[in-house]
Amino acid sequence: MNARDPWLAKVWSAPDGVHIDVRGLAAPQPLTQILRLVIEVHQGSLASTASTASAIIVHHDRDPVHLYPELLQLGWWAERIDGEPGEVRLRLAPVA
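Numbering-wise, the working numbering comes out as the position in the sequence shown, counting from 1, plus 107.
I should point out that these hints are in silico values taken from the structure, not numbers from a laboratory. Computed from a predicted model, the values in this text were never measured in an experiment. From the three backbone atoms N, C-alpha and C, an ideal C-beta is built for every residue, glycine too. A hint or two may mislead.
Said to hold, decoys possible - Restraint-style ranges between C-beta atoms, simulated for each label pair:
(1) GLU186 to PRO122: 15 to 21 Å
(2) ALA133 to ALA203: 33 to 39 Å
(3) ALA134 to ALA203: 29 to 35 Å
(4) PRO201 to HIS173: 17 to 23 Å
(5) ALA203 to LYS117: 15 to 21 Å
(6) GLY151 to PRO192: 30 to 36 Å
(7) ARG196 to TRP114: 18 to 24 Å
(8) GLN150 to PRO192: 33 to 39 Å
(9) SER120 to GLY190: 15 to 21 Å
(10) PRO135 to GLY193: 31 to 37 Å
(11) GLY193 to SER152: 31 to 37 Å
(12) ASP123 to VAL202: 15 to 21 Å
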């Protein structure tokens, strides 16, 4: 990473949404990286989200308990979905 690339997490698009892998990042980076992506997807400012659903799939190594109230304030929700062993995988989406 350099000063021009503030993404510390790996971010990519897939048919089920935009994925962000924050595993291995030290606090508070997972929280800040996820919230940054939520805001960019919500505003439509992330170019790679143009052809994908508004869902964000988070790959984390722990339950991000501090993320949930922040998501609610932004009008988003989270649900746990199946992931790899030892991984906490979440689907984030705007509240309908």
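Okay, which hints does this one fail, numbers in order?
Checked against the structure, the hints that fail are numbers 5, 10, while the rest are satisfied.
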